[in-house]
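Guided by the hints, dock chains B, C and D onto chain A, whose structure is given.
Given next are the chains, with one letter for each unit.
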Amino acid sequence: MNETTPYILLSALLFSIGAVSVLTRRNAIMIFMSVELMLNAANLAFVAFAKQWGQLDGQLFVFFVMTVAAAEVAVGLALIVAIFRAKKGTDVDDLSVMKN
Amino acid sequence: MQTLILLPILIPLAGMLVNAAFGGRIGGRAAGLIATVAVAASFGISVVLFAQVAATPARAIGADFGPWIRVSELNVPYGFRVDALSATMMLIITGIGGLIHLYSIGYMKGDPRTPRFFVYLNLFVASMLTLVMADSFLLMFVGWELVGLCSYLLIGFWFTDIKNAEAGRKAFVVNRIGDVAFVLGLLLIFFTFGSLSYGEVFEKAEAMKGAAAGVLTVITLLLFVGAAGKSAQLPLFVWLPDAMAGPTPVSALIHAATMVTAGIYMLIRSNVLLEHAPIAMQVIAIVGALTAFVAGYAALTQWDIKKVLAYSTISQLGFMVAGVGVGAFVASQFHLLTHAFFKALLFLAAGSVIHGMEHRAHETGQHGADPQDMRNMGGLRAKMPLTTLTFILGGLALAGIPPLAGFWSKDEIIAAAAKDNPIAFALLGLTAVFTAFYVGRQIFLVFFGKPRSADAEHAVESAPTMTIPLIALAVFAVLGGLINLPKGFPGEAWLGDWLAPVVGKEPHEPLNLALAGVFVALAVAAIAGAVGLYRRFASADSVDPLTRLGPLYAVSSRKWYLDEIYRAVIIKPFYMGASFLARIFELGGIDGIVNGAGRLATEMSETLRELQTGFARTYGLVMLMGAVAILVYFLVSGTAR
Amino acid sequence: MPNFLEILLKAVMFLVLALTGFAYMTWIERRVIARMQSRIGPNRVGPQGLLQPVAEGLKLIFKESITPAQADRFVYFLAPMLAVIPAISLFAVIPISNNAFFNLAGGLDTAVLFVLAMLGTAVYGIALAGWSSNNKYASIGGLRAAAQVISYELALSLSLVAVVLMAGSASMNVIIEKQLPGNILGWFIIRQPVAAAIFAITALAELARAPFDLVEAEQELTAGYMTEYGGMKFALFFMSEYVKMVALSALFTVFFLGGWSGPFVGDSWVLGLIYFSVKVLACLLVMVWVRATLPRFRYDKLMALGWKKLLPIALANVVLTALLIVLGVPGYK
Amino acid sequence: MGSEFIVFLAVAIVAIGAAVGMALSRNALYSAMFLILNFACVAVLYLLLNAPFLAVAQVTVYTGAIMVLFVFVIMVLGAEKLPAGESRKEMAWQRPLALGLGVLLLIQAAYVVFTRVVSSSATKLIDSSPLAIGKALFGPYLFPFEVASILLLAAMVGAVVLTRKE
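Protein chains in written order, with our numbering: chain A, 9 to 108; chain B, 28 to 668; chain C, -3 to 329; chain D, 217 to 382.
Only chain A is shown next, with the shape it has when bound in the complex:
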């Protein structure tokens, strides 16, 4: 138990909440937001470890994760909009077959 531990625990908790939410929600947007929460939890762990080890690399990783998240959101939301147009809804369970 050192001063990083609470942060890691919080990170793990947020990550688990996000994971469970991804697997139980059916709205694609919701799933997407849950993924963002998981990414964010991972970021928190990165920053906490960066402080513990006195190295900047963890913070830089967060920077890149943010970049990836931004790209992911741009494409993902575009996909959701496209799916919504085609299916009139964003329930992922409705996407279980490839044909209409």
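Hints are computed from structural coordinates only; laboratory data are not their basis.
Just so you know, not all the hints are guaranteed correct.
[Said to hold, decoys possible] Pairs of lysine to any residue residues, derived as SDA-like cross-links and limited to a Cα-Cα distance of at most 20 Å, are as follows:
1. D:Lys351 x C:Lys304
2. C:Lys304 x D:Asn266
3. A:Lys96 x D:Arg380
4. A:Lys96 x D:Thr379
5. D:Lys351 x A:Val43
6. C:Lys132 x D:Gly294
7. A:Lys96 x D:Leu378
8. A:Lys96 x D:Asn243
9. B:Lys532 x B:Ile510
10. A:Lys95 x D:Asn266
11. B:Lys236 x B:Gln309
12. D:Lys351 x D:Ala226
13. B:Lys477 x B:Asp400
14. A:Lys96 x D:Asn266
15. B:Lys231 x B:Leu33
16. A:Lys95 x D:Lys351
[As the list claims (entries may be wrong)] Label pairs and their computed distance ranges (CB to CB):
17. C:Lys305 x B:Ile495: 37 to 45 Å
18. D:Val230 x C:Pro291: 40 to 48 Å
19. D:Val377 x B:Arg97: 48 to 56 Å
20. D:Trp309 x C:Asp296: 34 to 42 Å
21. A:Lys95 x B:Phe601: 33 to 41 Å
By construction, the Cβ of each residue, glycine as well, lies at the ideal position given by its N, Cα and C atoms.
Just chains B, C and D now, kept in the frame of chain A:
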């Protein structure tokens, strides 16, 4: 220096890549220009290399570009060499090739697939150069196969007509037979000499002398069968007349001037081996002479303007092969050169004639008569003066009228045969008379008399891109003989001296005046006879005056029934065997196995398919399970440190 | 914590400054526009109508608070606050004079980024207000606002990148110091005219002020996202707008007009404060002037301007600035 | 510990509450707002963890850009309150299993944290100013940085292509 050697090959290759990538966008004319410029540049570099070879005491420059194949004893480098022989070939390939590229721009105008045509042509030039510049039998074989591929692609260029596609296939299959023998020859060479590089093979063959005569006979005969496939010798020549289905520039470049001479080149290149295999030499001489005779005889009665030239080409190739067979390598190569000039000229001029004949059909949109059938022509000299003049010059060169190129080279071969092999001499002499006759017949039917169809009446002269190559080639057809004049003329036997490092020094022979006189007289008489006979051929449906010969006519016009014989002897039994296999073996054995495998896969996948629910969330759940399981494993095993 | 009181005092002071600034801004605007349009404007309450804002504030406080029946009550209630908080937060990083007392967090290395963060979050108030009102005009107004603010924020950020490049730091204090070579030529409006122009235009768009006021274009959307709002909640939106106006003017002053600098300013915080106020006031007057002069943009043209003109120009400006700095051109090193 | 820990505790509780709220909320827009709150809390934690640049970047990128997009899309699609629809029979076990696995994951993580984390704190704080981060980005991390820029470009093009109407 090293890279300079590769440039003649690389530039057309680059041209090909550019056209392959952008040809569709830049259009046929631009693609043609690119291809032509590429070959012209290649020609320029070939000239430079020629000069370098001339300046080198050893008359050869070479370059290795690292190892290619290295398996235990076999060591084949990417070796290229330019010596007297290959430098000469390079000039022909790129020089005539360049002119034909230029001609093609005009000839292919309006064809939507022109860019692809030039892609193939450039690839052909690069492949042919690889063939002649290779420093080993194996690399030569690569070029050999590549030109075969190009030939196939170009014969079948207008593949939408099933006949053209079939012609391409026929050429390919027949060539395969020769290639099998060639490969066997290569294997035997490697087995005997432990190498495939020219230098080593020839050196060892020289050292073995008579000890290896038996093996050398087999090797050279195998190589000869390969050459017979490529150079259209008996009994493998059947593909060449059909190959006329391709565009005319292709006939001129590939099936007259260059590719078909690859076999001759290969034989001349292997002269060291041949010299130690007298029996093979005999066979080669007889087969060559027989081919010359058979094809020359078939050419007598053909109606298709290109078919006549195709049989003529086979016949002349027979001359060259016979020349090799009687040991007159220089004469053979000499004839190869002059023949390249005047036969390319004849083909291109014939193409110009065809183009002119198609003019009316293109203009009016009506379907014209067969533009290649000489019965529909006549009187074209007034419409196409340039084409007429150049065709006549080429034809007379082919017929062996002095002082045109063909006279000198043909005479040398006949003179050599007269000394060495009386049978070959007799056949070749007879063929020379046939040659003059069908040339006379063709010239008269096409250009003289009255037009026998509306198409012929409305024919027009072709565009400058087509006539300029004609004029250039005509100049060569006239003057080509100067490079190897007999003893006593100024600059005598230049080619013989030039090739000496490759084929050995041959003595300068004086002109055999009696022989030459007799053959010139015979040729003139044959031409006159042809003119006399066909003077009365007035309309397209007239009967050939030669039909009076009865069965002799039939044998000629049916091309010795060779296609029929092949069909009965080879194709029919083959089909019978195939259909037996298809009905019994295929259905029962192979299909059973294949269907069983398919059924097995279906059943297994039906079981596995249950896993794929299509629900993204389920997949996510499985992923999480995996993550948890992996963590458990790490924690239990204590790896997570 | 010894300085807790000080922090509290400062915070309250800034809050009061922002709020009075907002109140009197409305008065100034109405009077100036009236003059420009040959009217008189509010002049009844107090001398020259100076007490007009007070009267209106009182009136709005006592108005009945109405919530539409189908509205999402919680969000409807939350939205005005979400609009005001980022606006006021902007003042945290603006140094209004050369004394440390008037400088809350201007020395932070991340002050400029903080500005961008706050401007980015300011969208929520508007967007959520539009959505929660359950009213078509409001929804469209809210969506328009969100799209507009996102679009123009990019060009705005890029214009600030040029400024940060010039200063070599994202701290407000350093930015002001770098504009102090002794005369007006040091101001970034002279050395970075393109960035200044882009910042000015995008600031107008961020504020959704004329000519970019499509968010509340009364002819087509009645009052846009505020349609359903009344009373104190309306007052909060109104406040957030004017506070942001003041804040962005102050930012323009800091970034391009040398902040509190001026002749003889030395260590005198009074002079600094006066200079700063004058500059901010000038900016505000320009905004009012623009509103009185220019007609409204069409929506597609607004988007085209933001994405196809301002953004590329701003990008080019950044590249050019970097180039000038690397080459060491006088005035850029 | 001390005052900093108190701040951490307060923020962490809010963050957890927001996360749970996001996961449970029936209304997608509320979920988005909870998530924004969570991100804001994490930004505060970054401040505590000596990462001021990341804290501001977190607000700018996540709150100011990503979540605005989410809210925007939710509002445009009107997807905040989609009809629940009947849950599929074959998915009935999904929910409890997911919950169980999540708890298991948490237990594992906690176990690792308590047993395996080496307690070696750096003695001095690192320089995490924008300048230092910039130097690292354009120094040892230049290649990933450029790759990230290409990724963003690709995402931009992808989004435009995906949402374009034929």
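**OP:** Provide an ascending list of the numbers of those earlier hints which the structure does not satisfy.
**Re:** The structure breaks hints 1, 2, 5, 10, 12, 14, 15, 16, 17, 20 and 21; every other hint is satisfied.
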